[in-house]
Amino acid sequence: MTALRRIDPPGLLFGAMGVGALLLPFLHFRPNRIVLGDAVHLGPFYVAMVSGLLAIGMLRLPQWARLGSGVAGAMLLVWLAGALAAELSDGAPAAARVSPASGAWLGLAAFVLLIADALSKMRLALSLRMAALALACGAVAGLLLSGHLAQISVLQEYAARRDVFAAQSLRHLTLAFGSLVGALIVGLPLGLLLYHERRLRTGVMGILNLLQTTPSLALFGMMIPLLSWVAANVPGAAEMGIAGIGFAPALIALFLYSLLPVVGNTVVGLDNASPLAREAARGMGMTPAQVLARVSIPLALPVIMAAVRIVLVQNIGLAVIAGLIGGGGYGTFVFQGLNQTATDLILLGAVPTVAMALVAGIALDLAAEAFER
Amino acid sequence: MIEVQSVSRRFDDLTAVEDVTLTVGQGEMVALVGTSGSGKTTLLRMINRLVEPTSGRILLNGVDTGTLKPHLLRRRIGYAIQGHGLFPHYTVAQNIAVVPELLRWPKDRIRERVDALLALFQMPPVEFRDRYPAALSGGQQQRVGVARALAAEPEVLLMDEPFGALDPVTRARAQADLRAVQARLGTTTVVVTHDMEEAIALGDRIAVLDRGRLVQYAAPAQILTAPANDFVGQLIGQSERPFRLLALSRVSDHLEPGAAPGTPIDAESSARDALAECLWSGRDALPVVRDGKPVGRVTMAALAAHAGGPG
Ligand SMILES: Nc1ncnc2c1ncn2[C@@H]1O[C@H](COP(=O)(O)OP(=O)(O)OP(=O)(O)O)[C@@H](O)[C@H]1O
Ligand SMILES: [Mg+2]
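Those protein sequences? They're chains Z and V, same order as listed.
Per numbering that gives the first Met the number 0, the very first residue in the first sequence carries number 0; after that it's consecutive.
Per numbering that gives the first Met the number 0, the very first residue in the second sequence carries number 0; after that it's consecutive.
By construction, these hints were calculated from the structure, which means they are not laboratory data.
Glycine included, every Cβ here is placed at the ideal spot set by N, Cα and C.
Keep in mind that a hint or two might mislead.
[Stated by the list, open to error] Computed from the model, here is a short list of chain V residues facing chain Z with C-beta under 7 Å:
#1 Arg73
#2 His88
#3 Val97
[Claimed, not checked] FRET-style restraints, in silico, Cβ to Cβ:
#4 V:Arg130 <-> Z:Phe44: 57 to 63 Å
#5 V:Ser54 <-> Z:Leu365: 56 to 62 Å
#6 Z:Leu216 <-> V:Ser136: 46 to 52 Å
Whole structure, please, built from the sequences with the hints as guidance.
This is how it looks when you write it as structure tokens:
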């Protein structure tokens, strides 16, 4: 019983993940980029070290100790991956590839979750959490720039495509943020309109719901003839880059998917803004516009901010589909990789997408919290 | 001065207010009483046009309010909504400053006014100015709601159950504060309540509503001694009537020459307290003092005679 009480329940889960990770292969070594290669496991010394760190995370220790073991574990795994990759590549043919295998990913996930769990239980002040996010981003950037992981296959793919990668990163951001901005420009006034005109609600929300559930491929399919027609018949449209496939339909699709959350949350937020406060505002002699600007909108803002967060994170992920129709972004790598069954190339698209979504989500949460006070 | 002239308001087939006519004099405080759903809020909100009358009209200082722009009319009328309605995203000071801001008062004047009002309601400005409503007790929220209604020195003050959620002790103090503030500023005031005791404590006159109709409009003493019908009688509570009547007068109103034994009572205490003291200490008469000096006595017989009403 006393032993059980010393165990931290989430820590136990992370420990189980870690044990699984140690049983799985840590790296894959392949003579070239297409064939399946050999599994590489960690040696007993490192297995013992990783297990020790996991054990610390499983115990009810002060949170800074669990945080420390998480950071140490993550650093150890990353260092091991880089060092082992360098060792394996040494003297191997140029086409040889070393990539992290399931064990490395699972182990890293276990330690990252441990860090997140410890951080959240430490209830750090907002400014410290902002600093932690900046520090984590800086650490990852520093690691990539240091060249320690240069022999890892994904980074070799990156090295071969440095310029394209930078351009596609920018394109990915443009898709995600551009569609969000568009959705706000159209969605906020539309939400306001629906808030006033209840009769329009069912119809408009029905259409937005329908859009939301339309598969992206179907949406693209419908846009190809539409946009091709626009490009052919509206003067200047083709010069602006509007075409049946490519950037324009991808941006439009993301924009359409963003509308429902923005409009829906605007209406709900305004509806739920304290009716008593609104009534008091009217009773004190505010004009309808003043009631809206000074009371209803400020009170609805947290709900609208929640929509912005949902949409941004969703769009960063969804923007990958742009790669399907030549719209650019990280999806380009993902779909190229899928075509060539080159996992490394898929990862080159997927990992930055996930990282970007994660950082955007956390940053917006922190921003919303800063805003609330 | 507010003149309500044959005003009715229907909601579909429900008549919430029916043919009400009453006048609230300049500087007068009128209490609007009635059971729940009797149309008090509806009548009050027709004065600042949050609800439009179905028929009839309301004059403010002789001008038909129907001819004025609603939002401009409302800036001249202080309104404390039922359940305070403070803005959760504004501080106490910002809440109180709403109407002065709308009227574009200079910043300095607004700041002075906010502090003066907070002090008036016994809430030290340094302590309360920058708090958000969520960090106030229910009673403090209600007092800020009333202070906000008074902020722009309105010609007329409308209050809808301003002290609804208060315990008896705090409520009595808030009522006394309000009476003092209203007497000082001379603001024409209509206050809604469903509590006859509060109506008696606050009103120069009391208007009793029953199912949308005005059944009696008179001074508290007259309501107590001559209720217009059974409904008003019930609202007073027959068994409470003598005590409520006594509560309206002071010991000094029943003063007679002579002496009496035991602890004296202050001439400014209510006659009700004097009767209670007689009963509790088993005395037929109490010595009366003013500023600590004996001025005569009050007898249980005189109090009892008064409590018996005119009959
Ligand atoms: N906007 C409205 N639409 C329909 N009916 C209404 C509306 N406002 C009030 N009523 C009805 O009018 C009647 C009087 O309501 P009112 O709010 O004036 O009562 P009240 O005396 O203030 O009651 P309470 O003491 O409970 O606050 C009630 O029957 C109420 O249901
Ligand atoms: Mg009411």
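Which numbered hints fail: 6
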